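Okay, here's what each chain looks like letter by letter:
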Amino acid sequence: GDSVTQMEGPVTLSEEAFLTINCTYTATGYPSLFWYVQYPGEGLQLLLKATKADDKGSNKGFEATYRKETTSFHLEKGSVQVSDSAVYFCALRDGNDMRFGAGTRLTVKP
Amino acid sequence: DGGITQSPKYLFRKEGQNVTLSCEQNLNHDAMYWYRQDPGQGLRLIYYSQIVNDFQKGDIAEGYSVSREKKESFPLTVTSAQKNPTAFYLCASSIAGLRDEQYFGPGTRLTVT
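Residue numbers (our numbering), protein chains in the order written: chain A, 1 to 110; chain B, 1001 to 1113.
Quick caveat, the hints were computed from the structure, so don't treat them as lab data.
Some hints could be false.
Pairwise CB distance ranges (calculated) [unchecked claim]:
(1) N1026/B / K52/A: 27 to 35 Å
(2) D1038/B / N59/A: 23 to 31 Å
(3) Q81/A / K1014/B: 40 to 48 Å
(4) Q1041/B / P110/A: 23 to 31 Å
(5) E1062/B / T26/A: 20 to 28 Å
Coverage of chain A stretches by chain B, computed from C-beta distances (three or more under 8 Å per stretch; other residues unrestricted) [as the list claims (entries may be wrong)]:
(6) 27-40
(7) 83-96
(8) 101-109
Since the structure is predicted, the reported quantities are computational estimates derived from the model, not experimental observations.
Every residue, glycine too, gets a C-beta built ideally from N, C-alpha and C.
All chains should be modelled from the sequences, with the hints used to inform the complete structure.
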């Protein structure tokens, strides 16, 4: 079945550092891809999405490009802030339900 | 404001009791979902519903039950048959398409002792 694998955390960065969180997927069809963010004790918030190959999703300085050839959807941000500290989930959907990665905890230190 | 509400935020129950978690949405979405999240893990699908009066089991439905009598509401009952019910429960909704994003509620943390 479809699945998502994302890099294990935790990831700890200094403020203004560059962020990359790797995400790869396995799918038989052509899924939509998503990044969600979860702050402590809260639900998931959609961060960005891409619906077809070569699409770039972007929001709040975060970007991810749908790479069909490498089955990847890596999350990047050029300069992280303390407020970006959270857990990030990569997800795909091509059917009735959505498949999530295990999540990557990011801590940004001032 | 449109959104998904879950209540209560925290819920405590004794072992052997059934408990019902509430989920309401005013987004006019057809599809609704229940997920379970355990510490340090991703989300696992419990049940989902694409239309009123119809629902399907997800990956971990054993020990849970749902109903979908109204489009806006999708309550989840955690029964005494669920062997390890302590977890964070998330409700989500989406439009009926098969490749669209899901929108999540704030979650309910259930503790069973």
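Which of the listed hints are broken here?
none
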